[in-house]
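According to numbering that gives the first Met the number 0, the sequence shown is numbered sequentially starting from 0.
These aren't lab readings, by the way, just hints derived from the structure by calculation.
Where a beta carbon is used, it is the ideal one built from N, C-alpha and C, also for glycine.
A few of these clues could be false.
Stated by the list, open to error - Label pairs and their calculated CB-CB ranges: (1) Asp137 - Glu9: 31 to 37 Å; (2) Asp231 - Glu193: 15 to 21 Å; (3) Met0 - Tyr159: 22 to 28 Å; (4) Pro66 - Ala157: 33 to 39 Å; (5) Asp87 - Arg188: 30 to 36 Å.
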Amino acid sequence: MERVTHDGRETAYRRFDRGGDGPTVCFVHGSGGTKDVWKSQARLADRFPGVAVDLSGHGASDDVATPAGPETLDAYADDVVAVAEATDAAALCGNSLGGAVALRIALEHDLALDGLILAGTGAKLAVAEPLRDALATDFDRAVSLLHEPDRLFRDAPAEYVELSAAAMRACGRAVTERDFLTCHRFDVRDRLGEVQVPALAVVGARDGLTPPAYHEYLATEIPAGEWTEIPDAAHLAMLERPAAFNEALAAFLGRL
């Protein structure tokens, strides 16, 4: 575990490096998650070094006192930029909320990047009203909704579901709700043409939260965009089908 201090707080991250000489990838988790969601991407470290970030208020990172929406998204972007600069990361890989953070950085920050991987995300990330209501009033119900088939996982083993649910509960209701409301207010559909680096949109074919059409749209609207599906996976394809996800990621990084 390593940390970087910035903007009056510490952001924690884990480094994966087994001597790979490809571009270093900074991995950014989604709502209610932590850096641990990227554990299977450590397998790429002999070709592509990686760093996985805990956003503010998640895992081992200090929190911020920002309201849901652009202020929180900017704070999360600052976390990622600080880690990327400290580790010379040249590519960002963000899942869901993490994809919104990556797009925010590409559009608003002066960070030198070679590419983006946008995994299970979109240019607009509206959150369904039943989930928003559950996040506000019944956190256990919200966690259960997210772990129904074809949401976070297609049809994962029970131990995957329990580990994922436990991690979300550890993150807590307040931070998880802030994450989802920040997603709900995110919309850069009119700015995708400004993304100046190659981007891969990668999605589980059974993702009911950010479906394949979101990723086809990203690939169409980003000037150097492309997209691919991971069969038999949902929103957390990097966990559910790590070999296929890593193959797509490595092929894209190899072209940069």
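Checked hints:
Taking the beta carbon of each, Asp137 and Glu9 are about 32 Å apart, inside 31 to 37 Å as hinted. About 34 Å separates the C-beta atoms of Asp231 and Glu193, a value inconsistent with the hinted range of 15 to 21 Å. Restraint check, Met0 to Tyr159: a C-beta distance of roughly 24 Å satisfies the suggested window 22 to 28 Å. For the pair Pro66 and Ala157, the beta carbons lie near 36 Å from each other, so the given range of 33 to 39 Å is met.
Take Asp87 and Arg188: their Cβ atoms lie about 31 Å apart, and the range 30 to 36 Å holds.
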